[in-house]
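Kindly generate the complete structure, drawing on both the sequences and the hints.
Residue numbers (the working numbering), protein chains in the order written: chain A, 1 to 425; chain B, 426 to 850.
Rather than coming from a laboratory, the hints here were simulated on the basis of the structure. Do not take every clue at face value.
Unchecked claim - Taking beta-carbon pairs under 10 Å as the criterion, some of the chain A residues facing chain B (in silico): (1) 108; (2) 133; (3) 134; (4) 143.
Stated by the list, open to error - Negatives, chain A to chain B, calculated, CB over 12 Å: (5) 27; (6) 229; (7) 320; (8) 347; (9) 424.
Quick reminder that beta carbons are idealized off the backbone N, C-alpha and C, glycines included.
Protein chains: 2
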Amino acid sequence: MTTRLPADPFRRSIQSVSREELQQYQLERLNQLLAKTLPFNRHYQERFGISHLQLESLEQWSQFPTSTKSEWQSDGIDGIARHHSHSPNRYRRYHRTSGTRGRPMVILDTAEDWDWWTSTWQYVLDACSINSDDRILMAFSFGPFIGFWSAHDACLQRECLVIPSGGLSTLARIDLIRTASPTVLFGTPSYALHLAQEAAQRGISLRESSIRTVFVAGEPGGSIPSVRAQLEELYGAQVMDHAGATEIGPWGFGTADGKGLHVIESEFIAEFLPLDSSITNADPRWRELVITSLGRAGAPVLRYRTQDIVQPVWDRDVSGTEFVRLEGGILGRADDMFVVRGVNVFPTAIESIIRQFPGIEEFRIRAQKRGELDEVAIDIESSEPLQTLLEEALQVQLGLRIPVVPLPIGSLPKSEGKSRRIVRS
Amino acid sequence: MTTRLPADPFRRSIQSVSREELQQYQLERLNQLLAKTLPFNRHYQERFGISHLQLESLEQWSQFPTSTKSEWQSDGIDGIARHHSHSPNRYRRYHRTSGTRGRPMVILDTAEDWDWWTSTWQYVLDACSINSDDRILMAFSFGPFIGFWSAHDACLQRECLVIPSGGLSTLARIDLIRTASPTVLFGTPSYALHLAQEAAQRGISLRESSIRTVFVAGEPGGSIPSVRAQLEELYGAQVMDHAGATEIGPWGFGTADGKGLHVIESEFIAEFLPLDSSITNADPRWRELVITSLGRAGAPVLRYRTQDIVQPVWDRDVSGTEFVRLEGGILGRADDMFVVRGVNVFPTAIESIIRQFPGIEEFRIRAQKRGELDEVAIDIESSEPLQTLLEEALQVQLGLRIPVVPLPIGSLPKSEGKSRRIVRS
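In structure tokens, the structure reads:
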């Protein structure tokens, strides 16, 4: 049997049309979504003050109110977000946000919306040429957090062999890599690092394994150069980043150079708003990403403020797509930022520096509010004496003195999902 | 929106045809499977000595060699069972047997075979009237063990709302029952008991919950009257049993009276062989179940010796199906049986007696070989002094003195998957 790459003439052609054509396509899709959604969706009817809407231009769209997570958040015991179009029994899939920030929000998907998830994922899988000969190991727990559920189904749709590993220990997964010979690994960046380090401690190099692509999502690591370099080194594999969110959908895929993300503009409208004025000293090119989904009629995402801070660039990427590029991926989150002695610092920037030291096996960023300002310290686990070197690197690269505290190995928590590496008090 | 029950005229009608008509249907399906499979399947070509086969009667079929698990077991590092029809890249789903007995065996499913799994599951879901208004909580870890993966997809196909809970602790699942209001719970019998007991210890009665059906599989408990009674009591819910196996498929569903299983004879041919002569003192009605699948061309199950000991009855069940009924479900496994002072005892029989004492929270059956015979003892965890009462019940009901050892609560292992309650040395 020969290797099959899925036929994707539309997915290819839509990435090379002019911006005017793309926007015309987005407008048509948006009008279809509004026609299908607004007559049934009370939340947006109230927000917009109308129950029918057809737009003549995207400029018009930019005048409508934005949505925020807190507006969607329900007070009800079921936690189902307020912006659903139908009653719960119309839906098939129950998922929750990870709850990294606050109470998890429940989002339901209809069968049709789930098809939209898996079809949209195909752009991401295209970007690293995943094909029907690939064997996909999902290092994921398959709980209510949406995580890689949609990737799982997208890989099945693409005719790969999918190997689930929920409930397995890291050692059992290392053994599964040996016996099942996966070509692709899906996981969070921090779990992928952990898996390879655990293997290395047992004398097993995953460079020698069958894995050719490490697919990461759920944390910013996939676009942080030092994290990517470490993953590439440990696995001897291509690293592919993906961005998505339970409440939004799978909206982005890694650029060919590994230094950023493309927004899948055939399925999402990206707008870039000036940063909130409370964020001082920001790079003038930084914007907040605002997203509108063009599918998911059951829980439509209309002008949603992601809180993700990005730097958009509209030049043709070497990967040959006209989809807007976000330089450096997600630079940080507006609600994650520290203000240390008047300087804005994103945890991702700190992580990027820590990751320059492969000897650091685990870390934790501790932040404490003192009035408007944050005091930040870093705990590290390392078998080498790296405290002073890291403090120097932080001072050189961020212009800040941040104390580093070495801890015995094994003292910091470790999880397969999104790491909880930031502790605020 | 009104409740929809899936249209199932075929599934209903095939359960009321005469045995002759049913066998004619089975023969046609079997010939289709053989035509599709045998020309490609080296394992069966070697076993049968032919690469083309069309049968004129099922009697003819009963002359062909049986299959056993050990014949299928591979020596290769990948553990993929020998009886697959194609090379691995034709398959989409990777699963392993639970490894309760010996090394796990890897079984792959094509997309078409997986559709057969989920369609066959519909008979099981019919039996407890699961419909599109149901919310299904899957208390399952979604690892490589096939477990409830197929049930998960079958419930989606049936348009239920499916709530995955891989990776969640028992407490998190109890909270999910409170917030997501599932109407149906899927789990192993022992995990379902554990979940309700954990809730009770925290003052939460799952009788007050939204759960109306507890769906059990993976262990014999669902057809053991005392286990069923305990589950019905703890949940105030209907209990539905299901039988299936990674290497076979979803072959049975609980009878209406809860005292046995029906074989889904439209998708499986059941044969009943005399027990191995090494099993002495067996009830003369007992047989070993031998199964042929009528689908799953990618890993066909041809005259497979399940090792399950059953007692078949061909009378029309109150649930209105002509499918053969197995009185008491799976009575035991040929390879599980103890011989205690010359008497055959199945662990399920011991479990059934232990479960008559709801005060026993956990137990373990220890068996030690002494020549041809087994010495058996039972460890129990209980807050009440039940040692003597249980010893008496065992003597009355089995005619055997089996020592019972009380242990402090929490000393025995607990797992969400198949319990490892039998320890042999």
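Worksheet item: Once the closest CB in chain B is found, is it more than 12 Å from residue 424 of chain A?
Response: The claim stands: residue 424 of chain A keeps its Cβ more than 12 Å from every Cβ of chain B (closest is about 23 Å).
Worksheet item: Should the interface hint for residue 133 of chain A be scored as holding, given a Cβ-Cβ cut-off of 10 Å against chain B?
Response: Residue 133 of chain A check passes; min Cβ-Cβ to chain B is 5 Å, inside 10 Å.
Worksheet item: With 10 Å as the cut and Cβ atoms as the points, is residue 134 of chain A at the interface with chain B?
Response: It holds, given that the least Cβ distance between residue 134 of chain A and chain B is near 9 Å, below 10 Å.
Worksheet entry | residue 229 of chain A and chain B, when compared Cβ to Cβ, separated by more than 12 Å | Correct as stated: the minimum Cβ-Cβ distance to chain B is 29 Å, above 12 Å.
Item to complete: Classify the label on residue 27 of chain A as holds or violated, using whether its beta-carbon is more than 12 Å from each beta-carbon of chain B.
Response: Fine: 32 Å to the nearest Cβ keeps residue 27 of chain A off the interface.
Discussion item. Confirm or reject: residue 320 of chain A is not an interface residue toward chain B, with every Cβ-Cβ distance exceeding 12 Å.
Written reply: holds (28 Å)
Worksheet item: Under the criterion of a CB-CB separation shorter than 10 Å, is residue 108 of chain A in contact with chain B as hinted?
Response: Residue 108 of chain A check passes; min Cβ-Cβ to chain B is 7 Å, inside 10 Å.
Practice prompt. Find the nearest Cβ of chain B to the Cβ of residue 347 of chain A and say whether that gap is larger than 12 Å.
Written response: holds (24 Å)
Item to complete: Against chain B, run the beta carbon of residue 143 of chain A and see if the smallest gap drops under 10 Å.
Response: Holds, about 4 Å.
Checked against the numbered hints given earlier, this structure breaks none of them.
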